[in-house]
Amino acid sequence: MKSLDPRVNRLPKTDSANTAPKVPLDQFGTFEVFVQPKAGKPFQHEGIVHAPNLEMAYVLAKEAFTRRFTCVSIYVAETRNIHISVLTDGDDDAYNHVSEVTPEGEKTSFEIFHLFKRGKQHQHVGAVVATNPNEALWIASQELRTDKQVFNIWTIRTSDIRFTNQDDMDLWLTLPEKKFRDAAAYKGGDKLKTFLEASKN
Amino acid sequence: MNQEAIKELLYKMADDQLILGHRNSEWTGFGPLLEEDIAFSSMAQDKVGHSLALYTILNDLGEQDPDTIAFTRNADQFHNTVLTELPNAEYDFSLIRHFLYDTAEALRFEMLSHSSFEPLALVATKVRGELRYHTMHANTWVKQLGAATEESIGRLQQSLELALPYALGIFEPSPYESDLIKEAIFEGEKALEEKWKKKVEEVIAQTQLHLPKWETIAPHYGGRTGKHTEYLQPLLDEMSEVFKIDPTAEW
Amino acid sequence: MYGGGNTFEGIKSDELTGEDPIKLAEFEARIERGEKIEPSDWMPKLYRKQLIRMIEQHAHSEIIGALPEGTWITRAPGFKRKMALMAKVQDEVGHGQLLYSAAETLGKSREEMIDDLINGKSKYSNIFNYPTFTWADCCFISWLVDAGAIVNQLANAKGSYGPYCRALDRICAEESFHLKYGHHCVIYLASGTQTQRDMFQEALNRWWPPMMHFFGPSDKISVHTEILMKWKVKMGTNDDMRNQFLDMYVPKIWELGFTIPDPNLKKNTETGRWEYTEPDWEEFKRVINGDGPCNKERLEVRRIAEERGRWVREALRTPKTAYVTPLA
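Residue numbers (the numbering used here), protein chains in the order written: chain A, 8 to 208; chain B, 1041 to 1291; chain C, 20 to 347.
Derived from the structure by calculation, the hints contain no laboratory data.
Accuracy of the hints is not assured; some may be wrong.
Claimed, not checked - Taking lysine-lysine and the DSS-like style, the derived pairs with C-alpha atoms no more than 25 Å apart in a straight line are:
#1 A:Lys124 / C:Lys315
#2 A:Lys127 / C:Lys127
#3 A:Lys198 / C:Lys271
#4 C:Lys127 / A:Lys155
#5 A:Lys127 / C:Lys68
#6 A:Lys127 / C:Lys55
#7 A:Lys127 / A:Lys48
#8 C:Lys251 / C:Lys177
#9 A:Lys124 / A:Lys48
#10 C:Lys177 / C:Lys42
#11 A:Lys9 / C:Lys315
Whole structure, please, built from the sequences with the hints as guidance.
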């Protein structure tokens, strides 16, 4: 293969006849990524990464989701560990479908996320202490429910989340200075104007 | 302050970052998985950004502008360590090089954040978060692949043995070591090398990789004084191909 | 970057029979109200199938689209261009990542999609099968191919499927840098030396026909897509998208003193529509079916990348985690 791309010309030869199809689901786990855009703002669900474990998911999520725009912190949790309520519509609040649960076992902390508008992303609204996700939903309905309608609720055990450590808060320090990724750094107006004036003459 | 000593230090750091950033950018679009393709590219951009910041300090000290410095010199005028110019090979080598180099880089900048030469101390302080990510990324990957399958461990081991002599070349002593130390500009390559060895040992110990005894590895020196392998000049020719169509033009 | 050409299969008349009429009516009412469909909502099989097809093609177009511009990553002139191009091509890979995730919510795994790309079963935007001979070709893509993609993506972001719309919102926000950067590059070529101007004019001559193909076949000959328009899967006709692009960018190209290689190109002041020489749709078909200048190389590069990454992925697979469909 002779390419115009010098990088392609340097690629090693691999045997194309020998390319076996991928084994079914040659695929890692799925991890949901939450981003805090500014101090004081809630964490918001942004998307997923595929990774072999929580730590790798964190490392990969950082560049996949926070290399652009502003960010002060992220966290990730494995999709399997997210407990999901019903998705409602119209004026039906997802909490209408939550009923009281008797505590069972040890108490632990759960993070609660609300979907305030269909089509938008889930936002972190707080934490509750409960013995299981269903009880956490019930307690959230008592403690975190407001007048604002909720269409869907996610519940994640706090201990299942890979948070950003205090030490790592400076990971995003230079993000606002990376102007080369910013449309505002490419103002061609003056150059264009000079050019247009010169071409008139 | 000893300007020549400072310039020597800045040139070798900037050239390292430019050449390695350039090499790592060759992976963009070809990475082993999408998320890693993105992460590796970000770190390559950071590196080129660091070289620009350092060339800008050099420019303030009377050297030519960053584009001219970066895009018009020949291989024998570059002070990068040979490790950075070697071809990417397979991902195991690129990853091991990234781990060995960035461990040193993070420590160097940490030391320089206390430098008496303020412009450098400023840059060093500013980029600490970027370097924290680079080392976090490198350590996580090396620990993961260095303890996974027979193939991944074998590949990393082979690349480690190949890269180590060149990695020791990072610390090739400069003729200005004593001046830099005396004027509290930089604690010197020797001190950096010792810290680096400790860090490398610490990470490798958490894998199934084997680190040869340091005294059995002969450092590959020469890069700092412009003695390069046959790989650097073609890299520079490629990098400046468009720029040199007309170096006076604005692109 | 994606233009939307040849996205949909012909729809067989029996594909909607067998759907529950009450659920179908509720589904259509939700779309009619302007609400989004989420992965856990009921949806017709045809909707799922066509969406997977479209989002998957879009995702492939991003990662294949990284290649023609990637050709110039190691040669970008000067720091400013070097860093910007690295970041731009990286974004394209990132967009692929986001779009594969959106398609995954419909039940097809990323690895299946990548397999289908490499074995030629699924398509990607035709325009990336053309070569970038010079730096100016790369600038053409950064500016005008991205501009075309944005026209299409802004429209699709108003579609009905939640995860796709959210991915597109993010992508469009990132693309604003691409477009500005691309225009900036071209302004510098236009106002530079004669060599620089000639470089861009030649690139424009090469890229104009594929650019016209980018939005897909003329409505006169393309597959009927009424039901997909009603379901807000497809958000505008190919000709409408093409017209919108011409309206926004032809004046900007002319402003820079370049000649567009189509003597018939002009805006009809009465209809407000652009008139142009009918693009060669036979060539379009030929290229999409594999016979373009770079089809083989693009897929081969992707295949090599997968092959070289195989040991990494094998080393990362662990029994402790398992693939599950993303939530949103």
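Checked hints:
1. The hinted pair formed by A:Lys124 and C:Lys315 fails the criterion: a straight-line CA distance of about 45 Å is larger than 25 Å.
2. Of the pairs offered as hints, the one joining A:Lys127 and C:Lys127 holds, with about 23 Å between alpha carbons and a cut-off of 25 Å not exceeded.
3. A distance of roughly 14 Å separates the Cα atoms of A:Lys198 and C:Lys271; the hinted pair therefore holds under the 25 Å criterion.
4. Restraint check: the Cα-Cα separation between C:Lys127 and A:Lys155 comes to about 35 Å, which exceeds 25 Å; the hinted pair is violated.
5. At roughly 23 Å between alpha-carbon atoms, A:Lys127 and C:Lys68 fall within 25 Å of each other, so this suggested pair holds.
6. At most 25 Å may separate the alpha-carbon atoms for a hinted pair to count; A:Lys127 and C:Lys55 meet this at roughly 9 Å.
7. The hinted pair formed by A:Lys127 and A:Lys48 meets the criterion: a straight-line CA distance of about 16 Å does not exceed 25 Å.
8. Between C:Lys251 and C:Lys177 the alpha-carbon distance is near 8 Å, which keeps this suggested pair within the 25 Å criterion.
9. Between A:Lys124 and A:Lys48, the direct Cα distance comes to roughly 17 Å. Compliance with the 25 Å bound is thereby established for this hinted pair.
10. At most 25 Å may separate the alpha-carbon atoms for a hinted pair to count; C:Lys177 and C:Lys42 meet this at roughly 23 Å.
11. Straight-line distance between C-alpha atoms of A:Lys9 and C:Lys315 comes to about 11 Å, which keeps the hinted pair within the 25 Å bound.
Violation of the numbered hints given earlier is confined to hints 1 and 4; the remaining hints are satisfied by the structure.
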